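S.K.: Here's the letter readout for the chains.
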Amino acid sequence: MNATALNALIVPARLRGGLRVTSGPGHAERSGAGRSASPAASAAGQGAPRTQSGDDAQGQGNRPRQHLVVIGNGMAGMRTVEELLKLDDQAYDITVFGAEPHGNYNRIMLSPVLAGEKTVDDIMLNTPQWYADHGITLYAGDPVVAIDRRARRVRAASGREVGYDRLLLATGSKPFVIPVPGADLPGVIAFRDIGDVDAMLAAARNHRNAVVIGGGLLGLEAANGLMRQGMNVTVVHVMDSLMERQLDKPAAILLQQALEARGIGFMLNANTEAILGSDRVTGLRFKDGREMAADLVVMAVGIRPNVDLARSAGLHCERAIVVDDTLQSLSDPRIYAVGECVQHRKTVYGLVAPLWEQARVCASHLAGVGHNRYSGSVTSTQLKVTGIHLFSAGDFIGGADTEELVFRDPRRGAYKRLVLRDQRIVGVVLYGDVQDGPWYFELMQNQTNIESLRDRLLFGRAFCTPPAGPTGGP
Amino acid sequence: MSTGAGVNTTCPYCGTGCGVTARVTTAGVEVAGDTTHPANLGRLCVKGSALGETVVDEGRLLYPALRDRNSPNPPQRVSWETALDTVADGFARIMREHGPESVAWYVSGQLLTEDYYVANKLVKGFVGSANIDTNSRLCMSSAVAGHKRAFGEDIVPVSYEDLEDAELIVLVGSNTAWCHPVLYQRILKAKARRPSLQIVVIDPRRTATVELADLHVPLRAGSDVWLFNGLLTFLERSGATDAGFVSEHTRGVADALAAADIELETVAQQCGVDSDTLTAFYRLFARTEKVITCFSMGVNQSSAGTDKVNSIINCHLLTGRIGKPGMGPFSLTGQPNAMGGREVGGLANMLAAHMDLENPDHRALVQTFWNSPRIAEKPGLKAVELFEAIEQGRIKAVWIMATNPVVSLPDADQIKRALQRCEMVVVSDVIANTDTTPFADVLLPAHAWGEKDGTVTNSERCISRQRPFVPVAGEARPDWWALSEVARRWGYGEQFAYTSAHEIFDEHARLTACGNGDDAASDHSCARYLNLSGLTGLDRQAFDAMKPRRWPVVQGDADTNLRVFSDGRYYHSDRRARLVPTPPRLPAHATANEFPLVLNTGRVRDHWHTMTRTGLAPRLASHTHEPYVDIHPLDAAEALLKVDELARVTTRWGSLVARVRCSGEVQQGTIFVPIHWNEQFASNARVGALVNPVVDPVSGEPEFKHTPVRVEPFRVDWHGFVLSRGRLPMEGVTWWTRAAGAQFARYEVAGRQKVDNWPALARSALGVPDGADWIEYIDTASGVYRAAYVIEDRVEACLFVSSRPDLPSRAWLSSLFQKPKIDNLDRLGLLVGEPLDSSADTGPTICSCFGVGRNTITNAIEQGGCNSVEALGAKLRCGTNCGSCIPELQKLLVAPTATA
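Chains A and B are the protein sequences, given in the same order.
Sequential numbering from 1 applies to the first sequence in the working numbering.
Sequential numbering from 1001 applies to the second sequence in the working numbering.
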């Protein structure tokens, strides 16, 4: 697969207590025409709302309502809910469990938050009000810990139990922590959620030297954010080239140069052997014996699908929860799964675009209007570091049967490369000038034959579109 | 030098001899048409208009230099003293050892009359041989010979004004629209005023001249004599003979008619023209009294050139259509002073002032006049023979002046061999590096146009002044001065004591008058029509003030404008004209299996001769920027040639490589290659090397228009072009051409060696340092590589390469070189080769005068509502100056793309 990238959804491994959001009763009457909000769940420990076919009388005919439970209040889960509501907002009573104590936010935008360019409020996708408006019960900060498939109930960490007719797993993934001594020291964190961002911001206020382990997308975004917060940042990467899963070497060099110019240090080919420190991290040691001081270590070396819950429920998992083209678990057709916790046709995705596609298909099946099939995604990547423009998609390395178009303009810091097979784009790397990334991506997805455009293709859509000639017809 | 005030002088290009006003400004030399000059009345063609761009120091030969043949070093600068001593001693030694026939001069229609006069005098009177010939031999010697056979003297009996009087103008072997654009425009103007004026073009090619003609007779190359014999027969049979004129003023009519007797069907067959077209032309000619037959290189440059000329003149003599307004045979000369050279006798078969070598009275007269120790008694070697004699070692020293024989002569590789063998080669030129200068032992820097001071004579016998208007570059000197200095070293200081051009002109004028009495009864008549007695005795001021004058200018004769031949008197001793029998014959070399096609050569619109001058002007480079071979599509298909790819063109004598074109202008079985390109501008494009060295037996003019040839694909691995502010070395490039651009040089290149690492090669070829602003585009699979070198936002160079010749237009890229800084949008388009807003790409230049491109013109036609040449001119100015692009505008107006 292409981009097991890092910039994705991880359901936190740790339970965070705190905020619990429920829809308030005051919102129930908001929309006369809409369906009413679910009755407020009572305090922790209370049973899940029952299927309320009998209660739901407000102008909705007699269709019995089923209960949909969503595990994971992240982008994949909530996008599926949104898609579902668009198709049919009467089919389900919906309950959402989230491990994080927030509404749903755009995790992709955590980097700008870390960099101080955005606030948490800026990146909220679904506010508590939204859940209330749509009659959705949200238990934020209360992760589900068990699924009883026979009883069709889930149990949260708080002990709350809720029954379901359909269950949607959107547990995302969790950061991979390299198993080295000291990895559990205070000051060693991942970069996955708002909590991590808070921790990094706090460290930036009190400490000087940060090391980011991992020269991939997320690691670089973290490094940039920490640098913007005033820290002295070094990126430690085990490979000889940054973002090697997304960028070819020339682009990686440009990227490294650009980040170095901003003051980020790099140590490539560096294999971490141990994280040093007793009460708190004080440094790292590498396999070649070098050491480096650090007050903060951010692990951004990859993600692992978060499938513990699914596995424990006996769902068939390989690298992730295995689903079919309707996003249903192979083991239990009542259970759907979307996002980074899903393995579809041997592929696990770590980027946001496939998630949107999965959400659309999954929602249509949940709504009972399912005729869509999810057949996999082609993915593209962009780095969210202000002032650095980078776009990558597809098979950007190529092989014996591919051809390539390359453009280099070092003074403008631009590098572009398209990989072609049989006159079709199969890979894109753009650095510095990414304006046409989406267009190339579209041509790639549509497998458009580009032969007639080839000479101008790399110079962008504007050069390939015939001018709207004012010539009238004959 | 003058600043601000204009200086009236004469254009140095074709034989039209247009007056120009040159003005030196801070921005350079500005040139405009001289409204008072009778040749052009203010009009100029694009070449004339761009003259200012050629008055530059770039490439000038500034100092005398000597080359040591045993040293690989370039020629070393020496003083004039040393250089002239070397020449004088060298020539004297060789003459002493091998006699006067062992040295030769090869001069040029580019020389002023004064230079020509001194050279001719030195050789024929003081060396004592007639081994002085000129590149005019290649151009109009058949016309000279034809005139002499018919009229007894080399007299052009028509003036430009006559063109406005004519009712039928026949253009034979003349692409007048391109080669004499000002005359062509004059003809078109006359036709616009008087639409009954008919224009017939007789040419194997469908040239630009044909576009606006009433009738095109596309005869087979070399069949002109059949055509005009057929006309003579038709005129006689249809009763068009002017019996009174013929019997009173001519001889030879019976023999001429007998030789010409031919049936229409035979003409049709021989000329490859259908009989309807022939009949149309013959009838038109027969019924039109006022007919002028203009002829040019297509007639002259033939092994039957003189007969072609006489077959034309015969038709005018039979019908008495000569010596009256609006009629007559009219030779259009190609050089600014071919006529002046003829007047002073600067050819191997002439003596001086229209007197004959073979005539003892003439010789005596001239020798006395010159006070010379000897006088040449027999014709010298004509151009082709002269260089053959050099190769054979019979001539051991040659002084080449103002011409580039390694490019322009037929079998031009033979010229290289000859010059290599020659003991002493002296070259007087204004340009340091031509294809000929590498062979020079002595290089002498000559005055260039703008420095030259003297006179020239145009096609209609009009003498006008070339006046200097810029300071002389380096140590350049007049050619007459260098010649006189050598004469002085030989002990003839007294006879060559010239201090100024006007003294020479005066001597020349006096010689034309010398013995030129009207004593027709005398057995020893020296009467000539050429008589400049009215121009004798001019002092420097009078010479400087001299207005353009058509000769003769006879002292005391108020009516010097009496039309020539209007009195029915010709210049044979019996005062009658001759109809010359012209039995037709085929070109010397027939096509054969190995060489199945016929090579025709000629000019392109915006270049002239060997490009030493036009090659400097960016404005002239864009219309036709590289050598090409124009071939009929069926012949191309048979030879597996593709348009825009390269072809090798081979004859028994040599080969070249040029771009394939199928313009639709050439007949099946023939190809056309332009004459201009040479080793300074292309790796391998000297068509002279391919031309058969056969000559007309009378005139000695070579057969440039007919050489058996074959064309085959020239396969290359890659095609490309480079635009660069700096000159680039082209060593090792399989094929290249160079053209001048505004602030850059344009190279078209192609290579046979596969290039694995274009980025590395390109950087080193363009001299791009590490860390430079260098933009690249690579499509390895397609063999495409493009790069641009930018210095502080100013384009320094760009390179485009492809495995196919499908490279983008150079027009917009070229325009970037005129910008002190390119903006971001420019930069985006830089490696596309066109701007994002494609309307900014004006396309290939059509109108060079105003730099109007094809895209601009087609837009104006399709969207601007322009539906005529006039409308285009009003909107875009194209075609409103020299008009030489009007045929192309006409083509675009009727093109299918423009009919929507």
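Be a bit skeptical, because a hint or two may be false.
Result set (SDA-like, lysine to any residue): computed pairs, CA atoms no more than 20 Å apart in a straight line [unchecked claim]:
1) A/249 / B/1890
2) A/249 / B/1161
3) B/1821 / A/410
4) B/1191 / B/1890
5) B/1547 / B/1828
6) B/1754 / A/404
7) B/1821 / A/404
Hints are computed from structural coordinates only; laboratory data are not their basis.
Every value quoted in this text rests on a predicted model; they were computed, and no experiment measured them.
S.K.: Now, for every hint given, state plainly whether the structure supports it.
M.R.: Hints, verified against the model:
For the hint linking residue 249 of chain A to residue 1890 of chain B, the alpha-carbon distance of about 56 Å lies beyond 20 Å, and the restraint is violated. Restraint check for residue 249 of chain A and residue 1161 of chain B: not satisfied, since their Cα atoms lie roughly 75 Å apart, outside the 20 Å limit. Our distance criterion of 20 Å between C-alpha atoms is met by residue 1821 of chain B and residue 410 of chain A, whose separation comes to about 18 Å. For the given pair, residue 1191 of chain B sits about 16 Å from residue 1890 of chain B by alpha-carbon distance, which is consistent with the 20 Å threshold.
With a C-alpha separation of about 56 Å, the suggested pairing of residue 1547 of chain B with residue 1828 of chain B is violated against the 20 Å cut-off. For the proposed pair residue 1754 of chain B and residue 404 of chain A, the alpha carbon gap of about 19 Å is at most 20 Å, so the pair holds. Note on residue 1821 of chain B and residue 404 of chain A: the hinted pairing is violated, with a Cα-Cα distance of about 31 Å set against a maximum of 20 Å.
The structure fails hints 1, 2, 5, 7 (numbered hints given earlier, in ascending order).
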